[in-house]
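Taken in sequence, the protein lines are chains S and B. The first sequence: position 62 = 62 (the UniProt record's numbering), numbered continuously. The second sequence: position 412 = 412 (the UniProt record's numbering), numbered continuously.
What you were told as hints is all true, and nothing was included just to trick you.
So the derived label-pair ranges between C-beta atoms look like this:
hint, chain 1, residue 1, chain 2, residue 2, range
1, S, Gly117, B, Lys393, 53 to 59 Å
2, S, Glu119, B, Pro459, 47 to 53 Å
3, S, Leu130, B, Ser303, 33 to 39 Å
4, S, Gly117, B, Lys299, 43 to 49 Å
5, B, Lys523, S, Gln123, 40 to 46 Å
6, B, Asp273, S, Leu179, 54 to 60 Å
These are computed hints drawn from the structure, not numbers from a lab. We put the CB at the ideal spot given by N, CA and C, even for glycine.
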Amino acid sequence: MSDKITNILLVGVGGQGILLAAEILSETFMLAGFDVKKSEIHGMSQRGGSVVSHVRYGKEVFSPMVPEGEGDILFGFELMESYRYLPLLKPGGTVIVNDLCIAPPAVLLGQEPYPEGLELKIQELCPDCLLVDGQNLAIQAGNARAANTVLLGAVSKRLDIEEKFWLEAIEKMVPKKALAVNLKAFALGRSLG
Amino acid sequence: MKEILSGNEAIARGAYEAGVKVACAYPGTPSTEILENTTRYQEIDSSWATNEKVALEVGIGASFVGARSLVTMKHVGVNVAADPLFTLSYTGVNGGLLLICADDPELHSSQNEQDSRNYAKFAKIPMLEPADSQECLEFTKLAYEISERHDTPVMLRTTTRISHSKSVVTLGERVATVAEPKLARNAAKFVMLPGNARGRHYVVEDRITTLSKEGCSMPINRMELRDKKIGVITAGISYQHVREALPEASVLKLGMVHPLPFDLIREFASKVDKLYVVEELDAFIEDQVKAIGIPVTGKEIISLCGELTPGRVRKAFGLPENAQGTAEKLPGRPPNMCPGCPHRGVFYTLKQLNAYVSGDIGCYTLGFMPPLSAMDTCVCMGASIGMATGAAKVLSPEERKKVVAVIGDSTFLHTGVNGLMDMVYNKGAATVIILDNRITAMTGRQENPGSGHTLMNEPTNAIDFPMLCKAIGVKNIRTINPLDLDECRKVISEEMERPETSVIITDKPCVLIKKEGVFTPGKPLAVVEDSCTGCRACLKIGCPAIEWVPSSGKKGKAKIDPLLCNGCDVCRQLCKFSAIQEAK
Ligand code: SF4
Ligand code: SF4
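Just chain B, with the same shape it has in the complex:
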């Protein structure tokens, strides 16, 4: 049967067909939909973990007792999971284990552009790289064979344009016999004490040598000989752009990007006049080809930064570009927090109090955008609290008061909680605001341990944030309604004054939660034209439902779009002239 699937959907399907029993992840664009799609198969136990390290550990546990397991994450997630990953390379597996890492060249929604192929080399693990959805499905199945045959975890790398592009896929059946997991004790292999690990290191090195040789005859590494003047070594999405931009060129298409099939590369190089490597981000293939003494052109013509497009490949090869001159400068259209978003009032207050906001990763990172402009730092998941501790350590007592860490519920549970333990333990004196909107909102509303539901949509235990903070040892814990500006101002300014750790927890849900009874919109508000003086106070919160109409009245007036307004009431509290009221 044929279907149009995204790379992520095809990987989920491939895992199902391969007989995977356990799938685990922390959501992260562009990898998120893989796990959302494994839930379509009852045979797979799919779950969200608190972070990528835990997700991998769950996968390892299942593998060690014989089940095939799937673990997925975005590129920066691999940084979190790196600790177990490197040792997993030594233990090897029992049931096949596949780690998907989704890179984001061009940083469509990420904080950096790192190239995960380096992790495969660093951890000495084979890595496959599919070039379309059909290959996503096939390579996923192949990965489990390689994993079990070579006793190794396998990584499969996608990039945004593979994860989120759709193409036609032919589906297969699930493998008929999936071995039942059972306890398998093999301490020499699975207990990595120095004495055991030393021996395993040789196994790891041999495996890479063997795989490099085997790669030369793997059908996924293939030479496509056409015109011999130009030969291009490429992989993944870059292959598609090369075929598009240079249809006549000969291509060595690599399906396994680590280890490289060096003999095959030598053979290909001998068949073409001039050799190129076309790859996104790092000179990963290029450097290794050069290291075996084969001259090749790569990063001289293709940037180390950003993703490739057919046009960028054309340009690199000096072909005429088709793009016409760009249109005049238009107002930008950056993303914005939703109308009625519970974060808005908190950021407005922080700005009013001139706080130094140590930020984190999530929808609330948009608090950085004008007019709120209330975020001073943002580095990686869970870092806000630790960074606030650091800043508070060195600032004068007066400036220290300004330091406030903000962090979402999911991010707090991901790695923020460790930072809070440290802050309390080391007597850090900053204010921490947990923006609990009951969901992992940024990546598309995924459940988390605080939300009360599992990925499979079963009701479950929910973390009690105040109790958790209490257990950690926080003495000052307060819960606020983030839509009440007076309350926000009062509570936040009081806690900022305190010379010790305080935690403030907000308790209003994300407006996008569709589950019944979680978010109920209020009645839409409207601007009473006659009362609006044009003071612009309501514009300071940047709600997309409020529009400034310059032509109205002498100075202009505000207007609320009743279709967009979620009735959160925050703008009404800002209007000194009572011009904002319930719409009639």
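Pulled out of the complex, with its shape left as it was, chain S reads as follows:
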């Protein structure tokens, strides 16, 4: 095993299932035999605030936080939040982003516009960018709320980890009654990567 540490950032809006996605990622890496650390902030951020979770794995991980500018993959659940956290990514890093806009308070109130053309701006800064229509694929899988698992599927294709560990982690972390939908959502996402 090389000493290289892989740094993943999950960003989005409180309530989007980011914390669960980060749990599944971490579990997968542990099952695959790596040291894993994960970090995030709970509390206020759950009420619609901006959320960022760090997941790092490798032979031995020290800090639970991705050093600034060293993210390998930015895994975005919402466009503007993905754009906001791009500076955490290393030059040439990968972006996998859900094609979704959630208006923050100032936009809801009509005081500021939601920034336009973010898809293009992100693609310009990060050529290795995959835009995922998470919502629609999740509906195809059977539940609009499984968009996070669709995205996980897409991310899984970029990491050198056997599929069985992903499936084992999902089975362990997702509630029984939602499992079938989530496995389908994961497969749909994985077919994109």
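Since the structure of chain S is already known, use the hints to place chain B with the ligands on it.
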């Protein structure tokens, strides 16, 4: 067995493995999940207390009769618990007692950034500081040994990035024999009258000297010698950032941050060319190292404010930073009250009435955010009522009427009730609104003495707020539906006019309560496009379900997201053009 656990989960596991019988806390980010996780173990009696002082007192009671007990709180909670804590240092323990305090550098969800290590020094109590989840588990177990061996309470300090970060942990078994608690009478040790306490003070001082020596050979205080040019003394999460940013540097990693192992520090200092201390917040280690005459660099290069990150450590040591230039300015995304939150109507009304709002700690502190912008002060848990009393004492009769204290149910029971007793007793003339949403919402919906359920999820007695206020002596007590704006306005303005204490209690639950039968969402509403004139009245309550669509019509129109709307009906009452109606 291996599992990925957060620091909080690992502490709960460590308490279980150590044979803890009683765990008690008041919820507070980032400490809350410790007690939520001790409930996984039937062997531990876990409970929410009304405040941190009471939680510690419960722990002390259990310890004095021989049980190992765990008490947890956030940093500002230690301020509340400080009174029993300082004397507990004198009495010592019977069964081991561990107090966890979770600090919040960077103030992710706190009102200040205080460094609890100072409490350990001030109260003369040993303090351990783990650097990852595995250490959270191990240090918890070790803390009970130290506690019983040295007859002292022990503090364990975490910070947000330890409490809420996850890492791989190897689990152990619960200790095979846990002593059964039984009455133990020892008045000379447990009754702190001056005559007894005087003698105990010597015990306290000796203990710290002994522990400082013992610390030099404790495996949790360890030298990691690598390149000798740079030597760093560090502890907790800072250790991880140092290893990340300066992989070649020699490190003295302290697992016990109070008392410090001074001989070991001297030895380490003699082995390296240049000595640094890397620590978050205060110069706690640095000042003590300097005081024994060892030159060291610390706060000259690392801020006294905010948390460390690997990048901030790199920067302090003059290493190139990797972060690229930041993107353009984007609209911020602050937290917001939930759609259908019962607090919204009250804050809207207070704003309309131009009240001077003495605020408190909880979800409703978000009433400060625009567009509601209806909170003028907020200092600490339970302070709103006392502060309102103070303001009303000195204002002119006309201005006095504007003073309204708002406080949540849990916060009222935490320490607000004391303020209300004072207000009534001293004839304070302000209005108090108890925002009873049946839960401790801010920290993630914890039960409290008003909610009717215990932490272990058993149904229990619930406080009757109107009766409680009556018993305190409040004469004017009214209950309102906070979702009815007319009623809010009528009742609140009437009570504000009164030249004596009034209490208004709201009676709608938090929308996030999942327990059946407590909160039932109403039917989602929708904006009838043709009727919407673009007056923007409905935007004044800041509901996240209502979006302004500038491109719609001449002036723009409002739109309601049916997936987010909880049907609270507040926006409908604001629309003069009946444009908001039940969605078809
Ligand atoms: S959690 Fe409950 S109390 Fe807090 S903002 Fe949401 S609805 Fe309101
Ligand atoms: S009824 Fe109006 S104010 Fe209430 S949740 Fe729905 S959109 Fe928001």
